[in-house]
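Undergrad: Top to bottom, those sequences are chains F and G.
Under this note's numbering, the first residue of the first sequence is numbered 1, with each subsequent residue one higher.
Under this note's numbering, the first residue of the second sequence is numbered 1001, with each subsequent residue one higher.
These aren't lab readings, by the way, just hints derived from the structure by calculation.
Note that CB positions come from ideal geometry on N, CA and C, so glycine has one too.
Treat the hints with care, since some could be wrong.
[What the hints assert, rightly or not] Examples of chain F residues toward chain G, derived with CB under 10 Å:
id	residue
1	Gly60
2	Arg63
3	Gln77
4	Leu79
5	Gly86
6	Tyr87
7	Ile91
8	Phe111
9	Leu113
10	Arg115
11	Thr118
12	Ala138
[Stated by the list, open to error] Just a sample of chain F residues kept apart from chain G, beta carbon distances all over 12 Å, derived:
id	residue
13	Leu172
14	Asp226
15	Leu229
16	Gly241
17	Arg251
18	Thr256
As a plain string of letters, each chain reads:
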Amino acid sequence: METRQVIETRGVRKTFRDFWRRPVVEAVKDLNLSVARGEVFGLLGPNGSGKSTTLKMLLGLLRPTAGTIRVLDAPPQALQARARIGYLPEISHLHPFLTPRETLRYYASLFGLGRRETERRTEELLEMVDLTQAADRAVGRFSKGMARRVGLAQALMNAPELLILDEPTSGLDPLGARAVKDLVRTLAGAGVTVLMTSHLLADVEDVCDRVAILDCGALCAEGRTDDLLRQPDAVRFEIEGMDDAAAREARSALETRFGRPVRQSYPSLTLERYFLQVVADGRTSDAFRLAPFLLGPQPDPEPSGGAPCATA
Amino acid sequence: MRNGLIPFLRQTGGTLRLAAHSMLRTRTIAAVLVLLAACVGLLPRAVQGDGTPSGDIQILLQYTLGFAFFILCLATLWSACALLAAEIDSRRIHLTVVKPVRPISLWLGRWLALLVIQAALLAVIYLGTYAQLHWRMRQDGWCPADRPASRRVTRPLLPSPSEEARAILASMHANGTRPQGVSDAAILRTLETRAREKFDVVNPDQDVRWRFRLGRPLQPGEPLTVRLRFDSEYSTREHVRGVCRIWPEAYPERVVEHRLNDFTLNEIALPVDTRAFSDAAGHDPEGLRTFVLVFRHVGETRRVSALMLRFRQDVALLTAGGSFEANLARAALLQWAVLALLAAFGLTLSACFSLPVAAFVATLTLVLTLLGHAVVRTVSVEEEQAWRNRVGIWVSRGISSITSRAVQAEPLTSLTRGERIESDRIGETLIWNALLLPLGLAGMGVLMLRHREWADTESCGKDHT
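Sequences are here, hints too, so could you generate the full structure?
TA: Structure follows, in structure tokens:
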């Protein structure tokens, strides 16, 4: 019986040592984190705060100096856990001499997928990230954004239950970034748990249900995004179809009623939304159409190699 | 099923394809191909032979194949070092190791890719060399006797070098001539090395007698050759005058006699008319299995110096041993096994170190292996006693004993001499060089891959300093 928590860390510390095993820096200090199934969780912090180290410990790339980590009810190094995780690193680190199709086939082979299933998923993912036309060009000649799309496709090859994204919108244009954020929300809707880090706080605010903020290796804040960002003693009203005179009248009435100054402002679009309106003209709607195999369990024609699909 | 054999094979196959792509789609393979083509195509034209077919065979088989193999060894070692280490250094490995893949698949897939590419390159080298050999045979109109052959070699039945060394040591003890201040083990080691390489002396008017046991009974009429390789005291040409007599041990009356009167430095091959043994074969086919050879050095004692030859190496009976082409394939198989070992060594180094360190250690080991064998061959008991030499000799001896199986696999000398490479030698080489030693190295590599931390800990640490 699996628990509701997909990621659980208890008292995790990581100390980096030099060649002589002397401690150089304590990158993570006594970290306690829990991420529930289906959540989109954001890990924030300035440079050197321990975000990358935490991610790498969750992926089993680094071992904690102390404490315990459970990912999908198993230690991070366990093969059964790794079979259910998708990972997109900050820099894609793809093999430059492989084409996107070969890249996806290679990662499919690491999941033990059969030939037919590999071909199906590869084609669907290439279509999803809009790389079908460039599927047979070497990845080394791709722009950063295109390489990022290949990276994203490989992260989804096993229809993961947990998706770990390190700066997922880095290197993408606003259209691509929007598409990735939409994809994250869609995947979360399909039951996939997402853990992401980003320096772009607006991105995190857009997509994350909960966030944790790290600084100097320690957890400084954690909670639901709405709760953390809410100003508890302030209220904002937005009224459409009101002219300046009516607004002035309403503000003075409120000031009289509560006996304190009331700030008046005019809501504006975010630059991202304005850009999408002007440039994209609605094109984002079909940029990353979810690959069919990610939508739910389907009969596996080759049961020997199938990886679990996320439940819709 | 995810932990079963089929996913494991798929993972290994995927890794194999990736490694093959990474080697074939880089300029390294083009550079290696150019070097090999230059070696196979140009070297035989650049090196002048002595004008004889055997000289041409030596240049084509020993020098060309030897040099091409050396290039292939270096290419294999460095490619193997790069296959894992470069991926680790560039952090591309992160995307791989977060997948449910076992370290053995990562190691094995790359090793198999190297084996496949090495086999293809070796085939190209050997086919190129064989084509040149054929072209030369036609161009120069070699007679059938000059053509490269493959013959079984049977050496005389003699005590092994270690038995001989023990007997000499026992006699030293009995006579009180044992050197002082040296351990018995050191003396035995030296005596054994000397027994392998020692020259025996045949003085004028002296008879030497050897017994041979063939692998299978000789058929009457089947070609049989006596091969003797003489040397002289000053490595100069020596006029060999002698009488060579050979007969089946069971039928001493069936003697075939040859008179030698040859001004040569090295090899004398005497074809034996085996029809003389035909009656003997009628009685008992097994009777044509054990032979006795007697060589008598004749000549005036004052004018002719003693002849020298190493009984263990320079005296042999040659019988039919299959086609030359099959022997060529056997030689390629032996070299492939050595390349398999080098690939395994390079891969394991690359699992432990970064690319520059792995390549440095690999090259250093190669050089130390070559030096170590030379040191072990030439070191004397006196040199071993000097304390300043001891560490070097111990290191050389250690490296030599570890790498002896790889070095002993060298097939080109046998190929050039037309000696059949025997199946037991191939089997032993394949088992050790292409299976057991790589298995041990794979174990070390897997252990390292399993226990190492993948993230660049140094750069992680720098973020916080």
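Undergrad: Take the hints in turn and mark each one as holding or not.
TA: Structure-based check of each hint:
1. Gly60: Holds: closest Cβ of chain G sits about 7 Å from Gly60 (chain F), inside 10 Å.
2. Arg63: Constraint on Arg63 (chain F) satisfied, holds at 6 Å.
3. Gln77: It holds, given that the least Cβ distance between Gln77 (chain F) and chain G is near 9 Å, below 10 Å.
4. Leu79: holds (4 Å)
5. Gly86: holds (9 Å)
6. Tyr87: OK, holds: Tyr87 (chain F) within 10 Å of chain G, min 5 Å.
7. Ile91: Holds - the Cβ of Ile91 (chain F) comes within 10 Å of chain G, reaching about 8 Å at its closest.
8. Phe111: holds (6 Å)
9. Leu113: Cβ of Leu113 (chain F) sits 7 Å from chain G, so the hint holds.
10. Arg115: OK, holds: Arg115 (chain F) within 10 Å of chain G, min 9 Å.
11. Thr118: Since the shortest Cβ distance to chain G is 9 Å, the answer is holds.
12. Ala138: For Ala138 (chain F), the interface hint holds, since the closest Cβ of chain G sits about 8 Å away, which is under 10 Å.
13. Leu172: The assertion about Leu172 (chain F) holds, with a minimum of 18 Å to chain G.
14. Asp226: holds (31 Å)
15. Leu229: holds (27 Å)
16. Gly241: For Gly241 (chain F), whose nearest Cβ neighbour in chain G is about 51 Å away, the distance exceeds 12 Å, so it holds.
17. Arg251: holds (48 Å)
18. Thr256: holds (54 Å)
When each numbered hint is compared with the structure, no violation occurs for any of them.
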